[in-house]
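Colleague: Here the protein sequences come in this chain order: D and L. Numbers 1145 to 1530, taken from the working numbering, label the letters of the first sequence in order. Numbers 2 to 350, taken from the working numbering, label the letters of the second sequence in order.
These aren't lab readings, by the way, just hints derived from the structure by calculation. Among the hints, a few may not be true.
[Stated by the list, open to error] List of simulated lysine-lysine pairs, DSSO-like, C-alpha gap at most 27 Å:
hint: 1; chain 1: L; residue 1: K150; chain 2: D; residue 2: K1247
hint: 2; chain 1: D; residue 1: K1251; chain 2: L; residue 2: K148
hint: 3; chain 1: D; residue 1: K1411; chain 2: D; residue 2: K1442
hint: 4; chain 1: L; residue 1: K148; chain 2: D; residue 2: K1253
[What the hints assert, rightly or not] Okay, the calculated beta carbon distance ranges per label pair:
hint: 5; chain 1: D; residue 1: P1293; chain 2: L; residue 2: E272; range: 11 to 21 Å
hint: 6; chain 1: D; residue 1: E1255; chain 2: L; residue 2: I319; range: 27 to 37 Å
hint: 7; chain 1: D; residue 1: D1170; chain 2: L; residue 2: E272; range: 35 to 45 Å
hint: 8; chain 1: D; residue 1: D1481; chain 2: L; residue 2: E272; range: 27 to 37 Å
hint: 9; chain 1: D; residue 1: E1274; chain 2: L; residue 2: A56; range: 44 to 54 Å
hint: 10; chain 1: L; residue 1: Q166; chain 2: D; residue 2: K1247; range: 51 to 61 Å
By construction, the Cβ of each residue, glycine as well, lies at the ideal position given by its N, Cα and C atoms.
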Amino acid sequence: MKYVDEFRRNDLAKILSKAIHQEARDDRQYNLMEFCGGHTHAIFRYGVQDMIPENVNFVHGPGCPVCVLPTGRIDNAIQLAIEHDVILCTYGDLLRVPASDRKSLLKIKAEGADIRMVYSTQDALKIARENPQHEVVFFAIGFETTTPPTAVAIKQAQLEDLKNFTVFCNHVLTPAAIQNILESPEVREMDTVSIDGFFGPSHVSSIIGSQPYEFFAEEFQKPVVIAGFEPLDVMQSSLMLIRQLNTGRHEVENEYTRVVSREGNRKAQALVAEVMELRRNFEWRGLGMVPYSALQIKQKYEIFDAEKRFKVADIQASDVKGCECPKILRGAKKPTDCKLFGVVCTPENPMGSCMVSSEGACAAYWSYGRFRHPEKQQTDKQQETV
Amino acid sequence: MTNTLKRFSVRLNTRNGTIDMTHGSGGRAMAQLIEELFVRHFDNDLLRQANDQAAFDVPGGRMVMSTDGHVISPYFFPGGDIGSLSIHGTINDVAMSGARPLYLAAGFILEEGFPLADLEKIIISMAQAASDCGVPVVTGDTKVVEKRKGDGIFITTTGIGIVPQGVNISGDLAQPGDAILINGTIGDHGVAIMSSRENLEFETTIESDSAALHTLIADIVELVPQVHCLRDPTRGGVATTLNELAQQSGVGMMLSENALPIHPAVAAACELLGLDPLYVANEGKLLCICAQQDARRVLEIMQAHPLGQKAAIIGEVIEDEHGFVQMQTSFGGSRIIDWLTGEQLPRIC
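Please build the complete structure, drawing on both the sequences and the hints.
Modeller: The structure is reproduced here in structure tokens:
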């Protein structure tokens, strides 16, 4: 796999590892938050932690679209499928996310609801074309990367006059979430979470560019390095963040120059801006209500808006008692700090969203990293139940 | 069978005909289906006796028996079909004990409306596979379910075999220090199936590795009868099978990512689809765990067999009270290789 293997080379990793060990000072900790689940996944999958000094800590952020979706929105989707009898098209990861009353899309599918797993918005359009007698709803989630394809689907549906196709829009915005984390009491006042710098999103930044991060790098005096999702990207970016911290700088640097520019993809931005607009408020699991942190479908395209067509109402749902997903998503706790982790909450039986997606911090800890903490697991076993 | 074929004035329409409820009713339509498709293609002495069971003599010693249901979708795929797969799958399950497979039984559940042309194609493929393997299908059963109560065709096969003297192979016999081998590239079957899925067609030259491994196993147990474990990494892939063995034997395992044989096209498809080849199904692979001093010999035996040319030693068994399977990554770190969670691909075998 040329062009991919180059970013996983062991000889280069060793050189970077040596450079990081030389650069990192012994007298301090470096707490670096990777915002994206893609980074979390790369760190665990390739064992990046084994190659960096012990005082360089990766703090896992909220950048997993499945993880931050609040329970109420899954409840909404379940209502759409059951009460409005729609064909609900969704990405695979969402199927297992726990909803209220121990339900999930997977469970209601087994009970007869028509839930279809799709790989792209184009699959959902195809299902709509093939089932003209049925309402077909695409359950759209994701950060800025997955938003343009949803916008394309809506425009295509309009072009084809697909009257049975709508989108349940849950697209969220990265900069608003990072800012929210930096403004949270844990970071600002209580100082219980120490975040020294950020790995900026890679795919998201290919759309929005590196510019949007400039404000909070300056405002909160935290360095940001836009980092690719390959393990060498993560190591190179770690080195760049450590260098900035050692020299007292707080700039937006771009490690992922092979894809990301300062301005981003203007064509994609314009496409999204034509179909969608900022939502006044949106709930994030872990962060609560974050103003102007999500998108909704513009009035001009409202016939494709499932929320309008089916009069979707806000649902205030509560998470499973004891589940630390909200704090884990803010970096305030580690998965192993949660009493449910590995006891009643496992990937087979997830209690919280962070255990569902392979990009979720809990699932990554469990699947790739739990041999690092076996002693913690042993002592906690069978002590707690929900 | 030529005499009995004349009992039906009009031959079964295997060009345009379809299965209907009468084919499972026990009446003449079912008798015709059995005679003109099943007996005709599976043709062997035991089946021709037309009893509800097959009776045969067995040599003394330890026998093994295994059964496997096949529900794969789509039922024709690059490199095979549900028919050949149902023969290979059960032969492999029997042979993983070190046994020589002797006979097979086959049960069919057909959905009303299933094209007879497809059924015949599948039966011919099964018969060919059984004949190639030298393991006849000696008894069977057919049921028909109403439209929408099944999904075309489900096939269950059961096999019996006999274990040679002095061979004791079991999943609980792995010991720290043992070597872990595989007979070739991983993930081929799952990727081939995925490439032919209706909603996910993509161009690939990868074919399923579906194959019967009993002759390879016969070679191994003949020359190295003391191997500890053999298992085919089907659903859940190499990762899940090694976790099963680690748990059964109460040991850990350490793999080397560099040593894993992976076809470049499989690696590329997995990269694109976000899959891990370690969790993708195989249908013609076996994992062998043996003492370190036997590893080289087993590797040579594998590499000398047509189904083992890309065989490799991929890791070793270690002491670990937690029973973790871990891997040294090519990148230079380490990670745990966990059980498969949920499904990577639905209905792959």
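Colleague: Are the Cα atoms of D/K1411 and D/K1442 separated by 27 Å or less?
Modeller: holds (18 Å)
Colleague: Is it true that the C-beta distance of L/Q166 to D/K1247 lies inside 51 to 61 Å, as the hint says?
Modeller: holds (56 Å)
Colleague: Is it true that the C-beta distance of D/E1274 to L/A56 lies inside 44 to 54 Å, as the hint says?
Modeller: holds (52 Å)
Colleague: Note whether the CB distance of D/D1481 and L/E272 lies within 27 to 37 Å or breaks it.
Modeller: holds (33 Å)
Colleague: Between the alpha carbons of L/K148 and D/K1253, is the straight-line distance 27 Å or under?
Modeller: holds (20 Å)
Colleague: Is the distance from the Cβ of D/E1255 to the Cβ of L/I319 consistent with 27 to 37 Å?
Modeller: violated (44 Å)
Colleague: Does the structure keep D/K1251 and L/K148 at a Cα separation of 27 Å or less?
Modeller: holds (24 Å)
Colleague: Looking only at beta-carbon atoms, does the pair D/D1170, L/E272 fall within the given range of 35 to 45 Å?
Modeller: holds (38 Å)
Colleague: For the hint 11 to 21 Å, verify it against the beta carbon of D/P1293 and that of L/E272.
Modeller: holds (20 Å)
Colleague: CA of L/K150 to CA of D/K1247, is that 27 Å or under?
Modeller: At roughly 26 Å apart (the allowed maximum being 27 Å), D/K1247 and L/K150 satisfy the hint.
Hint 6 from the earlier list is the only one contradicted by this structure; the remaining hints agree with it.
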